[in-house]
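Given chain C, put chain Z in place with the hints provided.
2 protein chains.
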Amino acid sequence: MRLSRYFLPTLKETPAEAEIVSHRLMLRAGMIRQGAAGIYSWLPLGYAVLQNIEQIVREEQDRAGANELLMPTIQSSELWRQSGRYEDYGKEMLRIKDRHGREMLYGPTNEELITEIFRAGAKSYRDVPSMLYHIQWKFRDEVRPRFGVMRGREFLMKDAYSFDLDQESAHRAYRKQFVTYLRTFARMGLKAVPMEAETGPIGGNLSHEFVILADTGETEIFTHKDLLDYDVLGQNIDLDDDDQIKPIVDYWTTQYARTDDMHDQAEFERQVPEDKRVQRRGIEVGHIFYFGTKYSEPLEANVSTKDGQSVPVHMGSYGVGVSRLVGGLIEAFHDDAGIVWPESVAPFKVGLINLRANDESCRTACDELHAKLEQAGITVLYDDTDESPGAKFAQMDLIGLPWQLIVGPKGLKAGTVELKHRASGERHELSPDAALQKLAG
Amino acid sequence: MRLSRYFLPTLKETPAEAEIVSHRLMLRAGMIRQGAAGIYSWLPLGYAVLQNIEQIVREEQDRAGANELLMPTIQSSELWRQSGRYEDYGKEMLRIKDRHGREMLYGPTNEELITEIFRAGAKSYRDVPSMLYHIQWKFRDEVRPRFGVMRGREFLMKDAYSFDLDQESAHRAYRKQFVTYLRTFARMGLKAVPMEAETGPIGGNLSHEFVILADTGETEIFTHKDLLDYDVLGQNIDLDDDDQIKPIVDYWTTQYARTDDMHDQAEFERQVPEDKRVQRRGIEVGHIFYFGTKYSEPLEANVSTKDGQSVPVHMGSYGVGVSRLVGGLIEAFHDDAGIVWPESVAPFKVGLINLRANDESCRTACDELHAKLEQAGITVLYDDTDESPGAKFAQMDLIGLPWQLIVGPKGLKAGTVELKHRASGERHELSPDAALQKLAG
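Residue numbers (the working numbering), protein chains in the order written: chain C, 632 to 1072; chain Z, 632 to 1072.
Treat the hints as calculated values from the structure; they're not laboratory data.
Remember, predicted model here, so these are calculated numbers, not experimental data.
Among these hints, one or two may not hold up.
Where chains are identical, the list cannot tell them apart; a pair therefore holds if satisfied intra-copy or between any two copies.
Stated by the list, open to error - Below are the DSS-like pairs computed for lysine-lysine, each with C-alpha atoms no more than 27 Å apart in a straight line:
| no. | residue 1 | residue 2 |
| --- | --- | --- |
| 1 | K643 | K754 |
| 2 | K877 | K907 |
| 3 | K643 | K937 |
| 4 | K980 | K1051 |
| 5 | K877 | K822 |
| 6 | K1051 | K643 |
Bound conformation, chain C alone (with noise of 0.2 Å):
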């Protein structure tokens, strides 16, 4: 993608308004824009971000054998009645009135609308276990939206939904999520933490959220060090095997993980030996739930048994904040300089630089490097215009990709480009060959 031809409005001053780092790299690298207070547009350099966090975790909830649907944004009020939580969930949930004066709403969260999706679909014991999920887009009316997209009103999230015969099937699929939570946040590049947590307005009780690593992140956490370096990534884990999951579901739920409004100093200390104490700061980004019969039960979602009996489906729900996460993940991974992003979520891979827009030779040596990059399929962002290049430097490095090659005429006629790491910021001179070769492996 050329420069040229990409709508990229970044910014140089620091916006006022953004009380966070990554709200105001967000405005800073052209992420995003403010609609109204808290809903964004998402422009094209934040939403190729958003997109590839929502492929890995589509992949992961695949993988988990989740089937992928979508649920629409607004809904009829009927359903939140009979599960009696049409009042209790006040003025963060945004009703409408329709041209007909039909009590209507924005989603807030869809557990609801899948039971009746689920008990119009399902007879019978043959029909579970089940596990549908969708990515899409909600509401909450919050009083006050700030912190950019990490406390927005309308915000994208997965939510998967589980259904069983019985409690311990369903604990069953809580297992797997949880374990599919592991790898999904590894996948990003992030330490995340599973806690036990209260379940809040969604109910059950059996509940963590997952907070993920992050200096500036809002709450402060304290778990084992062991913890942290596990590497769920590195096994090969048959999710269908509860034999393999519940060990590792009962490592972590066994080991000492709690936010500061749960935290007991004297526990911890018991818990955990001195030199394994860790004490940082985190986001919660995920969140899931077993509730039992809680929603089945007034929905009258049953199914019969092999008996012949009508039961009541136990459920449970999982949550990911995908448009959070966006800002979560640049709250754990920035500098000064702006945005490091880890390669599997990284909007582009390359950045390569033209230093010279109006040097023949170093114009055609960037078309070529920019058609082999894309010809091996590797996303590249070709900074063809004519700025200078230390402002060309500058954007590269606010924006974030892992990679930036750079192009000059003193390297060309040496024959070198020059290849940086925006994380590590190392350096390294190398024929256009050989950095193409390095960017392909």
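Chain Z alone, transformed into the frame defined by chain C:
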């Protein structure tokens, strides 16, 4: 994907409320479920088709050099007051008050918001031409929503917007999208014909709607047979080269092509030789507009010219009804037994049918074929249930996958499986390996 793990609530009965064939088949095939009038959940099979259509639209927009972004569903009323459309839109616009009493709305289209985004990000002639698009849910509060996803209230649309320095350049953008639309619909196996159209509430003075052929379509169309035989995908067109684009657009726009409300029989007979006259039914699935400075003037989206003047940009907008296309495709491709998906949009390419799930040799052979198909990257829905062969055949025909691979004990003994082509009904007995090769080809 194993059917035993796939949420596919097909119906045996024909739902009484559905008036048209696509609505009936989408309900019967377990593709959608109504949440409220004109608002649907997309169940896994339906959502897979929607995603495939979305991806074709995306790839063709990218090919045209448009940048993808995402605007939110909820907008503030302010920009709509500035453009003068807030009152114009009437009751079709879903109006919302948030908790602070601010007037918001669920976007029925995005000219205002994109103009504001462009205004904020673009400064000079260097920032044009520019084309931006998103694929996002919209809401139009129809008085009487009907025909399933063909005239729903919450619907998915691709809307692109072009920004140019002057009318001539804006017309080039219009032509680029014109040819892009021909390509987009052709990739879905559809015959689409652009027709000169009224501009309606979008405004402007140049507009075409794209109508696809379907015998059960809502509109009667009259056109020249040669247009239907035109092969746009067979040409290697450089969309950046107007010298290639303009003759194509000129060719299409000089032939007779009108819907019944614009039709003039005498003119039709004058322009089109008798053996070339075609009268068919169709469905509108796209609409493109050039409207100059209608939005850029009131919203002050100006750029500076080379000689330092400030001028409002010339704009166009380009819509594709993405969710509507799912219904449109079914109207175009179905028979008495069910849907007949073109391969490019099919939810799975192959339906693998195990005729006797409790027979070990059948199960082993099917498991192996299933694994090999997935390894080869061929999407497959594997009916591993213990339903009767008749029920399995009927369901596979209903959901319309392009190929059925049928495995039974008798054939296996002779070393063969059966491959059925859904569209033609042709059947072939061949070895499992030969079947795999044919499907991979």
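Hint by hint, here is what the structure shows:
In the homo-oligomer, the alpha carbons of K643 and K754 lie at most 27 Å apart only across protomers (14 Å), although the nearest pairing inside one protomer, at 59 Å, exceeds that limit. Proximity of K877 to K907 under the C-alpha cut-off of 27 Å is restricted to the intra-copy arrangement: shortest distance 24 Å within a copy versus 70 Å between copies. Only between protomers do K643 and K937 lie at most 27 Å apart by alpha-carbon distance; the minimum there is 23 Å, versus 67 Å within a single protomer. For a Cα distance limit of 27 Å, the shortest separation of K980 from K1051 inside one copy, 12 Å, qualifies, whereas the shortest one across copies, 44 Å, does not.
Taking the shortest alpha-carbon separations for K877 and K822, only the intra-copy value of 20 Å comes in at or below 27 Å, while the best inter-copy value is 54 Å. Taking the shortest alpha-carbon separations for K1051 and K643, only the intra-copy value of 22 Å comes in at or below 27 Å, while the best inter-copy value is 61 Å.
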